[in-house]
Amino acid sequence: MMNMSSIEVHSLSKSYNSILAVDGIDLNVKSGQVFGFLGPNGAGKSTLIKLLTTLIQPNNGKISILGINAIKQPLSVRKKIGVVLQQPSYEPTLTVEKSLEKYGMMWNVDKKIRKKRMEELLASFELTTIRKKRNEDLSIGQRRRVQVAREFMHDMDLLFLDEPTVGLDPSARRKLLDFLKNKVKETGLTIFYTTHVLTEAEYLCDNIAIINNGKIITVNSPNELKRTFGKEKTIKIHVTSTIEELKKLLQEIPDCDIEQDGGIIITIHSTNSEIVLMNVLKILNQNNISIEDLSAVPTNLEEIFLKVVSDSNASNN
Amino acid sequence: MHPIIRLVNRNITISINPGFLLWQVIFPLIYIFVAGFAYTSLIDNVSFGNKSLTYPAFLASGMIGFNIMNSTLVSGIIIWNDRRHGMFEQIMSGPFTRSHYIISNIVTIAIVGLISAGLITAVGYPVFFESVEFTLITIPLIIFCSIIGAILFGSIASIISTRIRSSEGFNVIINTAFLFFAFVSTAFYPASGAPQPLATIFYLNPLTYLVDIIRAGIFGTITEFVILEMAVLVILASILFIIATKLLTKLDF
Chain A
1 MMNMSSIEVH SLSKSYNSIL AVDGIDLNVK SGQVFGFLGP NGAGKSTLIK LLTTLIQPNN
61 GKISILGINA IKQPLSVRKK IGVVLQQPSY EPTLTVEKSL EKYGMMWNVD KKIRKKRMEE
121 LLASFELTTI RKKRNEDLSI GQRRRVQVAR EFMHDMDLLF LDEPTVGLDP SARRKLLDFL
181 KNKVKETGLT IFYTTHVLTE AEYLCDNIAI INNGKIITVN SPNELKRTFG KEKTIKIHVT
241 STIEELKKLL QEIPDCDIEQ DGGIIITIHS TNSEIVLMNV LKILNQNNIS IEDLSAVPTN
301 LEEIFLKVVS DSNASNN
Chain B
1 MHPIIRLVNR NITISINPGF LLWQVIFPLI YIFVAGFAYT SLIDNVSFGN KSLTYPAFLA
61 SGMIGFNIMN STLVSGIIIW NDRRHGMFEQ IMSGPFTRSH YIISNIVTIA IVGLISAGLI
121 TAVGYPVFFE SVEFTLITIP LIIFCSIIGA ILFGSIASII STRIRSSEGF NVIINTAFLF
181 FAFVSTAFYP ASGAPQPLAT IFYLNPLTYL VDIIRAGIFG TITEFVILEM AVLVILASIL
241 FIIATKLLTK LDF
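These protein sequence lines are chains A and B, in that order.
Number 185 in the working numbering belongs to position 185 of the first sequence; there are no gaps in the numbering.
Number 80 in the working numbering belongs to position 80 of the second sequence; there are no gaps in the numbering.
Chain B on its own, in the form it takes in the complex (with noise of 0.2 Å):
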């Protein structure tokens, strides 16, 4: 077996546990069925490409990048947690190299937001059934997403747990970016909507790209714009993947 995969098995094991998996599931489902249909009375038909979409169908396709975000933090942790507990010097001083073990947690990371997308979509879609509109690349552009989304908020996660040694410090610095992530983005409430300065912020969120991205998918409104989206995501992605990379070779022991 590859050593990738062996370090794949192993972030698996060590990460996902009933309650991760069941808050996974359970607050994107909170926030479809309950914010989703409580809004209803607040956010009218949302307008997106060409199509006009029902705010649960907007949100439920927004949870889903909002759900690859939140995968991405079992980057961070195991980064956080093997050093803290000793584990970064072990696995590197054995059968392994740094590189292994940096695409090891991307590949753990994308998995994780892959099922958890499938999980989203397959709980959400009652909600966003009557507006789907699948085609050829509805698939590949949630797995775009997911790998995408796994490789840019995994990285950034990554760069967090490198440079933070106490516990307190790690969890409030990674709560407050991804809470600014997930509220300053399209993924709950369209930017037409939001003031202007706010509309201009949601666009300097790359979470906001990635919605972007899936919503086209399931909604079949794939135009220039979004194009130039995946093209935006890819270069912030591999920019920020080697300044973890980086980050991650220079550790010391």
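So here's chain A without its partners, still in its complex pose (with noise of 0.2 Å):
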């Protein structure tokens, strides 16, 4: 199960009138893992699900998902997946029971199975108090979350979630995650998430994409992407005092970016750091500039990302 592929993606392109959303993707999700997606606003995110959950069609490229070539079966697709889209779906009129029960009765969940599960996702989600709620009187949040656990009244081999935690206070975004990995460590189901909360992709994906304008840029662990990516450190040194040519000597410091906020904070990024810094102490030592307090910013996965993305701009530009 691990070694297969639940989604294979081959030179996919979309565009919009002018606009390429999605520019000649390759990629490749093993099964079982939970694949994050992430991009800035506008990066293609969005189109590229709705082009692996077949609601739109590319306009070149092929799309292989849990084995079916999704351009010529998309039925056939659509029956094995599960998709929690980005914008709100809920039906106003019904409650929160009734939504859950009506929506595996569409999935053609036995009536059986459809009680039980109900009562397993009511009490997994906390809406046990609120199930004879209508949809429309719930709060953004709580509607989330029924959006979200009625997506579990059905079998599915992946499940394709866009941005779900939107709406949802930590607590329920923490208590969310959990539930997604021990489905996947019980089930095996693979998982494709975009998200803009960093976090949420360190603490629950496998691999991780990075998109930017349509393309690509990095697919990795979040691991192994601070590996690659994460080798500069940020170092950040308060000063009690300082003297007017510090900034030029701090400047001839090679292999460094040094910023200097209002005289007094230092800011070092660079990968050769501990050089650097012995050279920085040596010049406020020289200066008789006493240091008040000195930090490292540990990398994470949203440096990375404004890094990645960044880069991307500005090799674009």
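Bear in mind the hints are in silico, worked out from the structure with no lab data behind them.
Since the model is a prediction, treat every value here as computed from it, not as a measurement.
Beta carbons: idealized from backbone N, C-alpha and C, even for Gly.
Be aware that one or more of the hints could be misleading.
If you want the footprint, here are the derived chain B segments under chain A, 3+ residues with CB under 8 Å [said to hold, decoys possible]:
| # | stretch |
| --- | --- |
| 1 | 7-14 |
| 2 | 88-94 |
With the Cβ distance kept under 10 Å, some of the chain A side facing chain B (calculated, not the full set) [unchecked claim]:
| # | residue |
| --- | --- |
| 3 | Ser11 |
| 4 | Thr53 |
| 5 | Leu85 |
| 6 | Ser89 |
| 7 | Glu91 |
| 8 | Arg150 |
From the two separate chains plus the hints, produce the assembled complex.
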């Protein structure tokens, strides 16, 4: 199962009028993993999800979902996948429990199984107390929980989640992530997950792709991304005083990018941070400037994301 | 269970509520028993084919067609709500095709139309029972009208719902269109009493044809003209259904 591919995409392109939303993407998502898909607004994430879920057709390229040609057999694909789209979807007049029950019916789930699953999901997503409430009377977060819970009423091999935690409070968000982790562990489900919350991706995803301007810039595990793009360290030094020529002296240090904020905060970005730090300390010492505080900022996915996207934008320009 | 049946089940659950059912019965009842008897002093017996009908009997039979048309509002409301609340996209990402979706809407309104026609027939029966001439084709004609009316007016409602995004726009256009169909037709009053230009416009309105066929079925006055009206309705319903299907198929996500 783990070696099989749930999603295989080759040279996939989609344009709207003259705008190229997805630009020749190649992608391979192995089964049984949570695959994170990150990108700034308008990068092409939702368009790619719509292509993979067969909601729209590509201009070029090939899509294979669970071994099925998604362009030629879209219905066969849709029977095996689950989709939670970015925008809310609900039937306003139905109650929470009726929404789950009817959704299971729409997926042809046996009545007894529907009832059992409904009770389990109401408990797992903490919807029991609002089970008799109509969807139109729910808060945005509650409605989102119903929308995600509803998708688990039916069996599937692959689940697409497009920013599922939007509108959820931190506690509900963490519970949802844990629920998803357990599902993958218990059932071998593959999840294709887009988010803007990078800590979520770091917590949940086995692999992460970063997309910008319709192109995939990099695909790797969170740890590997950190190793590859996180060589650059950031060190912050608070000094008690400064002198006029300090900025000039610091700029002469090679292999680094040094910023001086208000004269008393020195920020060093460097892939050779130890050597650079020694040189900075030497200059400070020679000029009798004492240090109040020194801290190294650990590399996180957010910085990597920002760096990768900004490098990509720079190379495009 | 077939996908269309599953969608019909879902459509009926979300669209049938006590308020809607009450409106579907109370509104025609008011017309039949209040307007019907109140206007009797103004509108004398109405000739239909070779028969002379009392006005309440004429009105009650017209209300069956009117109610079939009204039931099709359900279709427009389902499509419009599904688009507004994200369910259209959600359903289309599930185990359904657009054909399933379109056909399920038509089946839903045909069922609602049939039940509605049955209810009004039962409710209106006391006022037209003296003139009723049940024949072998009475029931099939009413069923034909429910189905063809569902397709025809359902397609019109679907076309409007695919073109209009705002709730105000949707309500204004759909109510104006259906008000025109209702009151510029022979559902409420006979064409013979209307000024000639209006009487001509009556026969540009499919509801006039629908109520003519229903009356022909109930009062046993099937003529060649009624058969022609049936043919016109079938052709018109087919054209509108094709347009509605094309528009729904082209709906973008």
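To see whether the hints hold, each was checked on the structure:
1. Only residues whose C-beta sits within less than 8 Å of a C-beta in chain A count toward coverage, and the stretch 7-14 of chain B has 5 of them, enough to reach three; the restraint holds.
2. Requiring three or more residues with a Cβ within less than 8 Å of a Cβ of chain A, the coverage given for the stretch 88-94 of chain B holds, as 6 such residues are present.
3. This hint is violated: serine 11 of chain A has a C-beta 22 Å from the nearest C-beta of chain B, more than the 10 Å allowed.
4. With its C-beta approaching chain B no nearer than about 5 Å, threonine 53 of chain A sits inside the 10 Å limit, and its interface hint holds.
5. Below 10 Å, beta-carbon pairs count as interface contacts, and leucine 85 of chain A has one with chain B at about 6 Å; its hint therefore holds.
6. Because the closest C-beta pair between serine 89 of chain A and chain B is about 3 Å apart, less than 10 Å, the hint holds.
7. Given hint, glutamate 91 of chain A at the interface with chain B, holds; its Cβ is 5 Å from that chain's nearest Cβ, closer than 10 Å.
8. Taken as an interface hint, arginine 150 of chain A checks out: its beta carbon lies about 9 Å from the nearest beta carbon of chain B, inside 10 Å.
The structure shown violates just one earlier hint, number 3.
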